[in-house]
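Student: Model the full assembly from the supplied sequences, consistent with the hints where possible.
At position 34 of the sequence shown (counting the first as 1) the number is 34 in the numbering used here, and the numbers step up by one without a gap.
Simulated from the structure, these hints should not be mistaken for lab results. Glycine included, every Cβ here is placed at the ideal spot set by N, Cα and C.
So the derived label-pair ranges between C-beta atoms look like this:
id, residue 1, residue 2, range
1, T45, G243, 23 to 29 Å
2, E93, I173, 34 to 40 Å
3, E331, R297, 17 to 23 Å
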Amino acid sequence: MLPLVIFFIWLQLCSGFISSDDAAAASSSEPSTSTPPSTMPPFPTLPTSAPVHSSITYKVAAQRVSNQPILSKDMGSFWDFNYNAALFQKDDEIGLFVRVQNLKDENVPLNGPGPSYLAISKLIFKNGQVCATPTINETMTPLGLSEAGGTEDPRITFNNGLYYLFYTAYDGINKAVLSSAITANPFEPNSWIRLSEDLPLRNWSKSGAALFASKENGLTKDYLFWGDSSYSDGIQIAIGEPGKWGWKDYNTYLLKKRNETKFFDSVLVESGPSPLKLNTGDYLFIYNSARAGYYTRPDWNLQYNIGYAILAETDPTQVLDRSKRPLMSPELDWEIGDSDKYLKPNVVFLEGLIPDPDGCKYANVSGLLGDQYVDNAECFFGVYGAADSNLGAVRIIVSTETPPTNPPPPTTTTLPTTTKTASITTTASTTTTSAQTSSSPVPPVTIPTVPIAKTTTTKETPVPTSTVSEASVSITSPTPPPTTTTTTSDANTKVLNRLLFVHAIWRNGDRTPLDTFPNDPSTNDWDGLEMGELTELGMRQQFELGQRFREQYVTRSDKMMFLNSTFRSNEIYIRSSGK
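Tutor: Structure follows, in structure tokens:
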């Protein structure tokens with residue numbers, strides 16, 4: 001019954017679909033090979049809002065968990081390349097959704113790796129160290145021609161009992177599309193129900209990090225920070241309405257690449273994982289970046305690094321702090337990847353971040369930030385792709401020198417803006433960063449935290465650290481969603497199978513005509529699905545579906561509308577007749 005509930009949540013979201021207004025887009029740590037069209041429709045600019053400033057000085061540092069990968073082919077995984085993973089927490093477990101690939105021909109290294117897939121792994125924490133279960137030959141099945149070239153670079157956000165997946169669908173020819181899906185069980189790779197193409201008017205889109213409005217964060221809009229600067233000027237902003245699915249696209253940027261070549265993000269900036277809320281109320285946003293000048297192959301001279309930004313509590317489209325130096329750069333052999341064993345040399349690329357289950361117990365806060373930052377330190381656990389081949393683990397430490405005042409309980413009202421001066425502290429100097437103009441306040445991404453069984457040791461083992469040191473912040477983590485056990489009736493199973501079939505046809509690239517759906521009432525039995533059953537399963541909204549569904553069917557004239565072959569805009573309606 002639970003999958004049916006998820007489907008109807010999907011149905012409700014899609015029925016409130018907002019038309020997207022969008023423009024150009026971007027690439028990833030391993031850009032797809034084709035170039036997107038250069039012409040884009042005009043998009044509005046985000047309305048100017050009052051600048052938000054902050055007097056808080058943040059320091060942020062990165063500390064590798066280990067000198068070795070936590071996931072690789074050499075460690076037993078089925079796949080040749082295991083990298084760029086999303087992190088999620090459910091019940092008492094922490095999982096990964098990992099981008100995986102194999103070579104088409106094992107005898108020809110790097111000569112045409114096959115499509116990317118998304119596979120599951122689980123993490124085990126013990127005494128400050130982390131290991132991951134090997135990936136197996138079970139993945140989220142690509143759906144239709146739009147995903148024929150692969151499903152890439154996942155990011156997962158937990159919101160209101162469901163997990164939202166943002167990933168890049170690549171057709172293998174000339175189009176990358178930022179797409180999304182939902183599930184209540186992220187450990188099952190084929191439980192994801194596709195929602196939509198997120199930015200349908202874009203010729204090219206990818207790399208989406210969502211920040212949803214919630215009662216806890218007091219934000220009134222949903223935010224999507226997406227893309228990279230390969231085909232536009234930087235990471236862009238789209239805004240959604242809570243409870244409805246769809247994004248209003250703007251020609252407005254959260255972050256642009258820096259023009260001076262001395263900076264680590266002078267060639268490219270790209271979204272990392274969803275922003276996480278700090279104890280100060282602001283948000284920590286990790287982003288990926290690249291600079292030129294690292295000639296490791298004839299066709300490759302880039303180095304990918306990890307940076308951070310601090311986003312304003314009341315308006316996360318405004319940047320208060322931004323790293324002047326990389327939080328992390330390729331340093332270890334398997335991060336530099338200067339051999340045919342690796343897909344892309346000189347890459348560290350982070351897409352998964354959660355509050356560290358161990359807190360700051362194993363973080364070298366004093367050594368990295370200084371004694372005065374120990375008391376306010378917050379620690380996060382992240383996973384990063386290395387040389388587009390293996391997966392590593394890192395701790396991100398954030399702190400402030402002055403103890404932050406605990407913010408009042410959030411409300412759904414827009415908070416008044418204040419004026420403070422934001423500064424970034426580096427090991428060499430302190431610089432003032434001007435806030436960027438943005439729109440209405442936005443919700444932070446909520447990620448559930450779960451207790452992890454750990455063995456206490458009396459002595460910490462030193463771990464390697466990156467050459468970073470800059471700002472700090474803190475996170476609140478909600479309780480993971482409760483699990484519900486239900487029994488699905490035969491009638492409901494028929495309904496579910498029918499709806500999933502309709503959904504698969506809708507997403508299928510060959511666009512099978514809906515008129516070919518069988519109209520035999522025996523295959524369209526809606527009996528047994530009552531509103532009361534959905535309510536008992538804990539649905540968050542009441543759906544106007546009538547008292548009972550009975551002998552319904554879907555046809556082209558009746559129920560489904562396509563505006564083009566890539567389902568750029570769609571609505572699904574299902575009639576109901578009460579009895």
